[in-house]
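Chemist: Okay, here's what each chain looks like letter by letter:
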Amino acid sequence: MAKKTVVETTINGETVEFLCEPRESLLEVLRDELELTGSKEGCLTGDCGACTVVVDGRPTCSCLVLAVEANGKKIDTIEGLARPEGLHVLQQKFLEHAALQCGICTPGVLMSAKALLDRTPNPTEAEIRYALAGNLCRCTGYDKIVRAVVDAAKTLSSARAA
Amino acid sequence: MAAKPFKVIGTRPIRHDGVDKVTGRAKYGADYSLPDMLHGKMLRSPHAHARIKSIKCDKALALPGVKAVITSADLPDLPDKMEMAGEAPVNLAHLSQNLLARNKVLYDGHAIAAVAATSAHIAEEAVRLIEVEYEVLPPVMTVEDAMKTGATILNPKLRNKEEGDKETNVASHIQFKRGEVEDGFKAADYVVEREFKTAMVHQGYLEPHNALAVYNADGKSTIWTSTQGSFAVRALAAAVCGIPETTLKVVPAEIGGGFGGKLTVYLDPIALALSKKTGKPVKMIMSRADVLKATGPTSGSTIRCKMGCTKDGKITAAQVWMAYEAGAYPGSPVGAGAMVIIAPYDIPHMIIDAYDVLVNRPKTAAYRAPGATNAAMASETVINELAEKCGIDQIEFRLLNAAKEGTAQTAGPPFKKIGYVECLEALKNSPHYKSKLEGPNRGRGVAGGFWFNVGMNSSAVVNVNGDGTASLVIGSVDVGGTRAAQAMVAAEVLGIKAEDVRPSVGDTESIGYTDMTGGSRTAVTTGAAVFAAAEDAVKQLKERAAKLLEKKPEEIAYEDGSFYAASDPSKKLTFKEVVAKFARTGGPVSGQASVNLRAVGPSFAATLIDVEVDPDTGKVKVLRATCAQDVGKALHPSYVEGQMQGGTAQGIGWALNEEYVYDDRGNLRNFGLLDYRMPTCLDLPEIETILVEVPAPGHPIGSRGVGEVNIVPPPAAVANAIANAVGVRMNVLPMSPPRLLKAIINKRSGSDTQIAAAGR
Amino acid sequence: MATVVVPALLRKLTDGADRVTVSGRNIGLVIEDLERQFPGFGEYLLQNGELKPSIAVSIDGDMGTGGLLDKVKENSEIFFVPAIGGGL
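Chains as they are written, first to last, in the working numbering: chain E, 28 to 189; chain B, 796 to 1555; chain R, 25 to 112.
Watch out, some of these pointers could steer you wrong.
Stated by the list, open to error - Here are the simulated DSS-like pairs of lysine-lysine, each with C-alpha atoms no more than 25 Å apart in a straight line:
#1 K76/R - K961/B
#2 K1212/B - K97/R
#3 K851/B - K36/R
#4 K1212/B - K1109/B
#5 K952/B - K899/B
#6 K1211/B - K1109/B
No lab work stands behind these hints, which were simulated from the structure alone.
Since we're looking at a predicted model, the values are computed, not measured.
Extracted from the complex, chain E is given alone in its bound form (with noise of 0.2 Å):
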């Protein structure tokens, strides 16, 4: 058995040492040694997207990136998405607009949005729908979900006009 190494890197915004085998993935690090277990497992061949991180500012399969390739980059998960003060409002309109059933997909499908949010603050509902096809949900058929993104983008663009 290969010997573990040591990695750096930023996670939601604190620098994090770990040790980690080579064939462990990011996924398995982040959920069985950091503890940060809300990045779900859901097929380990990033076909569902329930493992979504943002590394880079890039949406991610966390189980399709090794931990050593963690080294040196920052990673957001679903624990940083929320401040001090409250809820992002992405997480707050999802909420209102009941755009979840049994959970297992929001925090992946959170990060998407919020990546999507990041780069395109007016998004049409083609683009939503788009930015969110990596991310499969079994329970809602997407319809609140995105009526959820429509609302929280229009939140944001509203408090940064004001």
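Got chain E sorted already, so can you dock chains B and R onto it with the hints?
Modeler: Chains B and R only, in chain E's frame:
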């Protein structure tokens, strides 16, 4: 039923577990860990059908880090007959053999052994070191192959009542009959007869199965697990492991989707047995490939449906032959399918023959209205053909024949008050139906659907706090917002705000017996239990108020948040005032109730779908979808809408892309989510919902179950829309692009796009 | 006298009749009467002295929950139907 309008029921408070879910804090099964935990992995058969000649585990056991290996030899022998395990019937021998094969493997992925090791990676390595000798047998993959003369037999001990002592793959035959079909068809002006084939599909829950089990030295054990029914897990896991049921405590984690696929057990008994053998906690998580190969998809089927009607559009007769894949062990939902296929209609003459058939596929499990979606694909498309022949609009034709209060159900009992007519009318008057659909290759289709609501057992406890809030403990696992809806029921009865009730889902030791979350039963039956528990609390509070007001309890009324005596209404005490004095008036106040409902209203739905077909690729784009469903009385409308949208989305996936693809050796080819293609955000439009409310009689709130019936109409509605769009009638599911394209090309060239109905 | 609507596959026991009259104040006694009138009927309905787990009873349109204990009225209409549970 409440005479006054509801104050809380019908509103849309934020769900109580919402913040945990949007911050990633909510704990699902795989999020649990215990110190000194081992990890378990399974060895599974690569063959669809084979005898196991030997299993050698010594190399696996020798790998550093491996603590135990188990096979079926480590599990007790269980009876090979239907018995009650807890409150549900199950064949325990079949269940146990499905979890760890004994002598024979019956499908690609059938589990044979399990390893516990210090890491998941080591456990996986050890699995590869287990040596199994197989005698490979020919696989039987379709109901036709299973039912033909001389078919390879999967279980030489299986018998059905009709074939006597003959070896067979047909586990059972059910028949429903009314009147004389021959007379009915003689009276018909038009008769349509079609044969349908639907593919096996999976519930597709995003969270794979998991279990964390601890067997303690004192013989008491605990399992944390993703399940729809903690009491079911307790009964089944205990039975498979051969331990007394109530020495096992089952704690339901938050669940990442179930849809019927998490009503039985796969990992729980294995993790428990490994924990017993190693003396340590054992955690198991199923891979996605194993979820698809080896859990419980729902049946593929062959259905022959013949219906006749007069030229005025009255259906006179229906004749159905349906065979469903049970998988490796008996138990397909063909009986349920037979009971719903023509249930939405008042048909004087009918005969339905339904067969449960073994094939070398995984043992099927329930999937949202099990058996009904396959059935509706057949009946609801034949109905559209009849409507077309009569020149009658597709909704009007259904209204002409719709079942009403008093119409006989398929198995005989008459319907009580139901809402199918109301659903059809609502759809007819919807903005969607009234809108024009213009453009080439675009079409509009309607289909109806029916599903039962089961009653069964539920318990609830309402603990009133001194500050005027309350906690609610229920046993119903929350798959999609039910704990919020139940909190609303309690709040309504207690006369407080939904936010002031803190709901939680108990485990098998902290809440009374509660049957699984499924069968569209939670809003109805757990709602009835919560209602009664809250009333029990209010009754006790009336006694307290009586003490404070110096009156008799019988004189006390509770209205609009105030307790008062009818004889002296000026002296009022609020809920908070009475509750604050609990220590002085007799102690803490807790209401409790356990119910087993008799009167449960069934559900109807009607779905309207517009599609656009690309005639060059066969790809179908769903332009618009509307689901009208009779929900009785919606507790939390947002989550009721959510159920309708979710079921519609699953139905669309079932219609257009989802299917199990096995090769000729019986190996599953698409065991990943790329090729088991479920709808993404980009594949679906907005899904409009119309909540029709025809209250269910005999229920305190009038609620009907809402979870399931919405998945029943969509495939037929899509098929009807495709027929409307490009004039091609599809009789297979899924109507994937290659199949639809072939049918379109055949139509252009003039050859028949239908499979001719087979003789009987 | 109450009426039992005969499941299709059991009509061979009742000479083709789809409705038969029975006596008995509860389902258990009704089944005993059915067995007396049509030998073999009971075997389809009972297992270990209780209703088979796969069978449910509808009495006057309501699903029974008491198995053999469910009460039957003078003019009750009784159906034996497949039990629909959550599915195992």
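Chemist: Find the hints from earlier in the document that the structure breaks and name them by number, from lowest to highest.
Modeler: Of the numbered hints, just 3 does not hold.
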